[in-house]
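Whenever a hint applies, use it, and build me the whole structure from the sequences.
Residue numbers (numbering that gives the first Met the number 0), protein chains in the order written: chain A, 0 to 329; chain B, 0 to 329; chain C, 0 to 329.
Honestly, the hints are just simulated from the structure, not real lab data.
The reader is advised that the hints may include incorrect statements.
Just so you know, same-sequence chains aren't split out, so a pair can sit in one copy or run between any two.
List of simulated lysine-lysine pairs, DSBU-like, C-alpha gap at most 35 Å [said to hold, decoys possible]:
1. K281 x K144
2. K144 x K280
3. K144 x K64
4. K266 x K186
5. K266 x K328
6. K328 x K132
7. K266 x K132
None of the values given here were measured: they were computed from a predicted structure.
Here's the letter readout for the chains.
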Amino acid sequence: MSAFVPPKRHTSRHLPFGDRRDAPFYGQHIVSVKQFDRDDLTYIFEVAHEMREMVMRVGSFDLLKGKILANLFYEPSTRTSSSFTAAMERLGGSVIPINEVRYSSVSKGESLPDTVRTLESYVDVVVLRHPQKGAAALAAQYARKPVINAGDGAGEHPTQALLDLFTIREELGQVDGLTITMLGDLKYGRTVHSLARLLSLYDVRLNYVAPEILRMPREIIAELEAKGIPQAEHTTSEAVLAETDVLYVTRVQKERFEDPAQYEAVKGSYVITPETMAQAKKRMILMHPFPRVGEISMDVDADPRAAYFRQMEYGLYVRMALLALVLGKA
Amino acid sequence: MSAFVPPKRHTSRHLPFGDRRDAPFYGQHIVSVKQFDRDDLTYIFEVAHEMREMVMRVGSFDLLKGKILANLFYEPSTRTSSSFTAAMERLGGSVIPINEVRYSSVSKGESLPDTVRTLESYVDVVVLRHPQKGAAALAAQYARKPVINAGDGAGEHPTQALLDLFTIREELGQVDGLTITMLGDLKYGRTVHSLARLLSLYDVRLNYVAPEILRMPREIIAELEAKGIPQAEHTTSEAVLAETDVLYVTRVQKERFEDPAQYEAVKGSYVITPETMAQAKKRMILMHPFPRVGEISMDVDADPRAAYFRQMEYGLYVRMALLALVLGKA
Amino acid sequence: MSAFVPPKRHTSRHLPFGDRRDAPFYGQHIVSVKQFDRDDLTYIFEVAHEMREMVMRVGSFDLLKGKILANLFYEPSTRTSSSFTAAMERLGGSVIPINEVRYSSVSKGESLPDTVRTLESYVDVVVLRHPQKGAAALAAQYARKPVINAGDGAGEHPTQALLDLFTIREELGQVDGLTITMLGDLKYGRTVHSLARLLSLYDVRLNYVAPEILRMPREIIAELEAKGIPQAEHTTSEAVLAETDVLYVTRVQKERFEDPAQYEAVKGSYVITPETMAQAKKRMILMHPFPRVGEISMDVDADPRAAYFRQMEYGLYVRMALLALVLGKA
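This is the structure in structure tokens:
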């Protein structure tokens, strides 16, 4: 599977809510964070912000009434699946949940292009979760209707990266000038890779806090280096907590370590507690892509800086914006 | 898990259909039958009766248009899940079906409070089915949005008890003055326990018909005794059939018996046939929580006193009422 | 399970879109292709054609707003399930997806009649997929609400046959006078059996192209013979390609052959390539019920005669028509 990125078609920039076929992103696939420039992000986030205000004011509205989304999940992901479903339903649209692909004859032998072309006979937009890297690009290559990548294995999960960035924007007002510290498993976490790439479009400083064996990959550091982004690596967070505006935590999995003793020795450095928060700025935010399994203590939940539940809500608005955009309704 | 029961907030009693934030049950969790007094039941059943009339007149209506329900089932239950889904859809609302929790990363390690707080970022109300007793109370403790208990293992299944009672009310006009006979497995059936508790709010007589090893638990009998409810225990139904207004049947499972011969010896006493019905009152009703596996003969289905399919329909109205109430729309 | 076919109730023929209780097919079950005569098909296809035009013009519309479909699948079939769901949603109705029947207590011991009678307490129409022949007829026997057979094992899949025929009508304008060639596994494919039966209501010629061990069953050939349908059998397609108006391809499964060498020897004759298409008429269509696993080369997809993706779209319109008809809304 090759990394197909669909061409951009947008030429004008109008704000919601009209119904225009010449609108930016209309008919486009959302496959990779690489397809967005800073203007794209500004535009998407403006629409997402409008969505947020509309949901707060009226809960749901009929912008996508009559539109149907196929929510095609080759592997389960309750969080992402529910978020896209809610996004479509809050816009008055309908959803076809397809969660049983594993057991279905569709999966036994049928190619992904055939499955996607089948579904687009019925629906207006396809959200695809697939365990294989490149699956979304392959689907997009064959589909006439927009395909949105909801995670393709070791590949990307672009809507997660967009919602992470939108969270920062909504919580802190802007992205430029911030210091973002990523902590935990920075080697295997596709979330932090995609987010780092998006952040490189802004004027930010990045800190990477990880155990030696889970450091941020060299190629990503080189990529951001080339763009002039200041980056620093650490094995514990002490030195950087006081300067951090955004602390982005990911899970350190025991299974990554050959020697369990090695895991036991370091794990404490990657758990966020009220004590950690005491060393942090008054105006910072703590983020996590979830699920968490112990790496942020529940004692931190009541701290107003704990943004991870609000982060999910921002995900709803970003997905509402993307659905409206690719369907030409924003 | 502790038995958390949310505080009552209702102060006024107005009938449907307005949109009021000061309405009874608005924002409340439905966790246990213990949270209801007789006035509560009267109110819920008045709303459920309105729902019944509306469905008969127009099928569906848009009372909850724009509202979203997360139907979170940690164990499958087609009947309950479908009933809540239909209830929400008949009110014009949308549903996110979450049936795959077992396979999902959400279930692998993520705590129930985190899952519920995730979902409430997207939706307006959560229906929870969980194999562990206390799960609904735990979820309610963390949730900002209303949680409705759709069964928590050996705990409760309050909407089943409510629909059972509503069935009696709708079919026989009132509950006071009735003789209710519960038959079958009265030891392990949470259904009959919850129903007995609700019935103790009324002026009723209760008969328990069960094999020796499946008798109604002592503590429930004592609880009702303290409330002055006349109760009698029997091992067969002959003596009580003629005086029974409601015959509530539950399944006697072979697996409960150590000695299969013992099961074979008694099972006939707990199967309802046209012959059983011949001994019963002309104006009585036969109920069953379903599924049945032989304990009511299909030959009884055509008897107008066989109320078990209507019972499911009443369940739809009760769940419509509860959804409308906790969302402040009834 | 006996082959129950519900009586016809339609007496008048009016075209969409009113709301009439005296409409043809109102309240009927769709169990078997045998229940339709040629007038029925003409009527259904006129409604399906209206559905096609409406979808092209407005995408979705509210003909079945407030109606609920129970999509009851005892075995997974993403294609059929999604098609019915989209059909209901494009008509403004709601769907209860029931895909987990295998794991559910409903399936453990509960009879199909009880499950169907439970669901019809909540919904307006039931679509049933079941691995056992006769299941749909059995369900229809007990249901008060319309049941639509979405495949009952070795039995029938009537909506597939209807959509196949509708595809021919829409693509080629008429059915009379056409030569239809069925190719592949004609022995076990219930799709080709049902389609052959429906085609026998028209003035057509049929060619059967199959390996010796997968020939069209004698009883079907005899049935069509009795109706005066010209039929011819071949083992390869060369002789009939030039005269064929519709080439209907089904999969030849390796597992059907005792000797793998035998399979290898013949399989090439049942794979459609651009070379095959070069020998076919300019105005012909290539159909396949899907999924395909190699029997039509992807190189053929761009050929305008390749109708298999459009065929799925026609399936949407046929299912919209059937849902509207049995609910008395077309």
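Results for each hint:
For the identical chains of this complex, K281 and K144 are inter-copy neighbours only, at 29 Å across copies versus 46 Å inside a copy, given an alpha-carbon limit of 35 Å. Proximity of K144 and K280 under a CA criterion of 35 Å is satisfied inter-copy only: 31 Å between copies versus 46 Å inside one chain copy. In the homo-oligomer, the alpha carbons of K144 and K64 lie at most 35 Å apart both inside one protomer (17 Å) and across protomers (25 Å), since each shortest distance falls under that limit. Proximity of K266 and K186 under a CA criterion of 35 Å is satisfied intra-copy only: 16 Å inside one chain copy versus 48 Å between copies.
Taking the closest pair of Cα atoms, K266 and K328 never come within 35 Å of each other, the shortest separation being 47 Å inside a single copy and 49 Å across copies. In this assembly of identical chains, the alpha carbons of K328 and K132 lie at most 35 Å apart only when taken from the same copy (30 Å versus 46 Å across copies). In the homo-oligomer, the alpha carbons of K266 and K132 lie at most 35 Å apart both inside one protomer (29 Å) and across protomers (33 Å), since each shortest distance falls under that limit.
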